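Engineer: Here the protein sequences line up with chains A and B, keeping their order. Under this note's numbering, the very last position in the first sequence is 593; numbers go up by exactly one each time. Under this note's numbering, the very last position in the second sequence is 593; numbers go up by exactly one each time.
Please keep in mind that the hints were generated in silico from the structure rather than gathered at the bench. Note that the structure is a prediction, hence the values are computed from the model and not measured. Hints are supplied without guarantee of correctness; some may be wrong.
Which copy is meant is left open, so a pair is good if it fits within one copy or across any two.
Unchecked claim - Straight-line distance between alpha carbons at most 25 Å, and here's what the computed BS3-like set of lysine-lysine pairs gives:
{"#": "1", "residue 1": "K477", "residue 2": "K181"}
{"#": "2", "residue 1": "K320", "residue 2": "K179"}
{"#": "3", "residue 1": "K179", "residue 2": "K332"}
{"#": "4", "residue 1": "K181", "residue 2": "K513"}
2 protein chains.
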Amino acid sequence: MPVYKAPVAETSFLLNDVLKLDTYADLPGFAEATPDTVAAILEEAAKLTETSWAPTNLVGDKEGCVRNPDGSVTTPAAFKDAYRAYVEGGWLGLSAPEELGGQNLPSTLNTVMQEFASSANLALAMYPGLTQGAIAALMVHGSPEQKATYLPKMVEGVWSGTMNLTEPHCGTDLGMIKTKAVPNGDGSYALSGTKIFISSGEHDLTENIVHLVLARIEGAPAGTKGISLFVVPKFLVGEDGSLGARNGVSCGSLEHKMGIHGNATCVMNYDGATGWLVGEENRGLAAMFVMMNEARLAVGVQGLAVAEVAYQNAVFYAKDRLQGRSLTGPKNPDGPADPIIVHPDVRRTLMTIRAINEAARALILKTALQSDIAHRSPDPAARQKALDFLGLMTPVVKGVFTDLGFDNAVKAQQMFGGHGYVEEWGMSQFVRDARITMIYEGANGIQAMDLVGRKLAKDGGRAVMAFFGEVEAFCKENGGDAALQPIVGPLAEGLGRLQQATMWFMNNAMTKPDNAGAGATDYMHLFGLVAMGHMWAVMAKAALAKEGAPGMAEKLVLARFYMERLMPETAAQLARISAGAETTMALPAEAF
Amino acid sequence: MPVYKAPVAETSFLLNDVLKLDTYADLPGFAEATPDTVAAILEEAAKLTETSWAPTNLVGDKEGCVRNPDGSVTTPAAFKDAYRAYVEGGWLGLSAPEELGGQNLPSTLNTVMQEFASSANLALAMYPGLTQGAIAALMVHGSPEQKATYLPKMVEGVWSGTMNLTEPHCGTDLGMIKTKAVPNGDGSYALSGTKIFISSGEHDLTENIVHLVLARIEGAPAGTKGISLFVVPKFLVGEDGSLGARNGVSCGSLEHKMGIHGNATCVMNYDGATGWLVGEENRGLAAMFVMMNEARLAVGVQGLAVAEVAYQNAVFYAKDRLQGRSLTGPKNPDGPADPIIVHPDVRRTLMTIRAINEAARALILKTALQSDIAHRSPDPAARQKALDFLGLMTPVVKGVFTDLGFDNAVKAQQMFGGHGYVEEWGMSQFVRDARITMIYEGANGIQAMDLVGRKLAKDGGRAVMAFFGEVEAFCKENGGDAALQPIVGPLAEGLGRLQQATMWFMNNAMTKPDNAGAGATDYMHLFGLVAMGHMWAVMAKAALAKEGAPGMAEKLVLARFYMERLMPETAAQLARISAGAETTMALPAEAF
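This is chain A alone, in the form it adopts within the complex:
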């Protein structure tokens, strides 16, 4: 069975020494997040995910979900206790407002728990994960009655949430949505249509399921300007909060998927289901985007999470498996062979995954902290600055960390040789599970277009200029430090390439938008490499400040490795971006 140990020490280093959580005590909820509280939360999160969740992962993949003849869906048997333990621990409400039953702690801590939980069991983590997205959308756009009706039960975890966007003929292009909403005359609507790929759409973990559904009100304008958001509970809710009649929404079938077998991915049929408008008529996309942005960051976290657990298992195997001898002489002379971790190609693989994972975690937690600032700071300028960073980094966190998360799961699987290809070690599952993160909540090509086509130019480039300024300032401030120089030098070079690429788009994509499209994916990854490089430089500085403490010397080695082995890719990315779209688009469609 796969091993998993939550990265508590890594996370503590990031929260305390890199992000310096204690300097934000003036933000609501942060004063309560004392170092002791944070330590206790990390410990509890580790305990739950290591002992209750992780053992359910492999069996859940094997067992999968079953749709019963009555349309109900049975999740893997082991999921029930694991989910119950999560609810009883109050984890769904960790950062939710106290008036809803939450603890109002920083959502940064919630992000930490998302990582641990997704490492331990991604398919299971998706159930509460979608609930948290639905909570976020209802908090912003729900009416007071809707909030009172749904949120306390969702924050408690006894009801769950879903998001219903995709239809058979449309995923990315939501303007094509056909699901219809007809006013019932009593303020409610009757929804009819088919939604597909609905994660956690039907299951047996909670008493009720709160579906958020995009649909078109009869007579609404065509395209995205005619889409509204509705809340459609599985069971109608009485005024006293009791569960009433079964609503006209049901699971038509389960998808047979490559991975995340423990999550019920449903075709949902809406047959005149009763729903209520959330937010304004025809403004459904904007409302859903609250949930989408939340979800995109969470998916980026999933990419890291699977890479982390895959890495841990690769390390375990690399220390255990005896095969061949070190190129520099036997390291296990009394054994029949050396453990494969002595081989440079194995070591290179492990170092690569780890250098990416630690930087990804740092950037994710930094982004989560900006989300806290954006939502909680009393200072409008601070909120704006944090929102800028959040918007800019959302496609990077989602697109880059899921692409790399999958790559890293594949790399970790490779360490096992043939044993990685059979299901019993769990490495195949990590790869199959990680694959979905590159697709859902906006395929990564869409993330790249969001970054290049929307986020770069937004507000006259304010967000991207602020980011460049921050990295530049760090380089200037620390470039003279001899210990940091081997790290800051390559970072500055990477930043220079990112700035060149940005300039190239400004000069070449305005008049020929295909130039933006053809370079978007490379640009997103270039951006990610520089942003991760910046985090390594910041981590290296924090490690130097704690010189001699356990693990700090490792940080400096990993930072150097990142600059030697990962940052050089930026040169290739810049070259590809600067090649433009001409050759890419030269052939007619018929030539394919």
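Add chain B to chain A, keeping to what the hints say.
Structural biologist: Chain B alone, transformed into the frame defined by chain A:
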């Protein structure tokens, strides 16, 4: 159901215009391979794989193999007719000697068929594929009696072959093999032990199965110098060729794998099974390497094959799926949206896969042709030169084309969005199937070490120098051609980087072998990019010579695309190689 159309026109272009098969008519068997014969063979190969094989792929994955209580194994129902059609077409003997019932045609044509068959159904193609490897080993090392007993039936395809190397505790490190062979006193041996991951180990497609097994004769020296090769038939064979008693070898269980579900991957138990020594005592590894090298090239072909069929399906979907509008204005104004092939990021993806696939096919067929020359030429110098190329390119073809084949299958799957993640479109299967090619017949890290640690320095670097010389000469000869200049320029630059990396190893890896290990994978891929780039330059030249013929203009666009989008990676690879092993190896094993 997935689509598949064998790339007949591409292959004809390569055989006729690029490799100029007709100039080798002096080689045995080549005179018979007239353009008309080759065209007819390609047409028949296409017909068989498209109509008989491809429809069995998805159902074979779903159905998988079943081990029955008596130890027999049932393959997917649809495989029987497909395999029979292959046998009846005489495909197993396409390039086998006539005295064994073969047609003695160039093995280059056999490689073509391997590609088509592996695209149509990789799991099924592995059954005859392993038979061909076993035939190769027996042809070189088998006694006259062994050849007479086994080869005609194997060439016919009514018996199949396997290779039994791996044991639970050893795969790469074959010196640790424990399977024991005890002389029976009558010239035969009794073999006892357990082999794992045995592809096609037990099945119902053929009347007999001929196992080639590595084992240690009682009292043999420890390590690789004490390994011998044995032939162990499932049913003992009488002097008249009739099948006799069931031998003491059986399938203990089937592995539950990520993919290639239609191939029976067996744990094989040898319980005093009767076997006969193949070749010399304690020289089993050398004998098995005949089969291994054959198999490694075939696995490289599999990488291409899966990438090709995945590409074709991605193209089909990209032309069919309507989603969003072109950045340059609607291309399908009367429809609800444009086909996604209008989007530059989709186009970039398709162009990338295709630019890799066509170059990979060119290099594979060129390598296969060298194999023909090495085996058939009467001229010792020509044979030596061909053998040098073959040895050098074997790890490149295996390692690079399986890594890229998997990447390309993943890229193709991504084009489908969520529809790529569900099993019904077949894209998940391509990814899951392609994954094994990076692992079996020597994991790709081992291929990289074979290239860097053995092939580079062999015979004073004769093979690599010849290759550099060939590419250099091409660049010198054609650099002045204005039409080729945008292709030759970047090729020369890539070659320069490869030469620099080679020099770096010469200067830094002799004294510190870890420097070779830490750079090996990057070097293998750098080598592959330059070798593929060379093939693009050669193809571009051939296309210019046929200017105006169908498809020739596309070749020039693809060659340019390759140089703009793929070749820049060589800069990053060189930088990583030159970083050396110091940082990679800096942490102690306990720090992981």
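Engineer: Next, verify each hint and record whether it holds.
Structural biologist: Hint check:
1. Neither within a single protomer nor between protomers do K477 and K181 lie at most 25 Å apart by alpha-carbon distance, with minima of 57 Å and 67 Å respectively.
2. Only between protomers do K320 and K179 lie at most 25 Å apart by alpha-carbon distance; the minimum there is 22 Å, versus 55 Å within a single protomer.
3. For the homomeric pair K179 and K332, the shortest alpha-carbon distance between copies (22 Å) is at most 25 Å, but the shortest distance inside one copy (65 Å) is not.
4. In the homo-oligomer, the alpha carbons of K181 and K513 never lie at most 25 Å apart, since the shortest distance is 38 Å inside one protomer and 69 Å across protomers.
Going down the numbered hints, you'll see the structure goes against 1 and 4, while the others check out.
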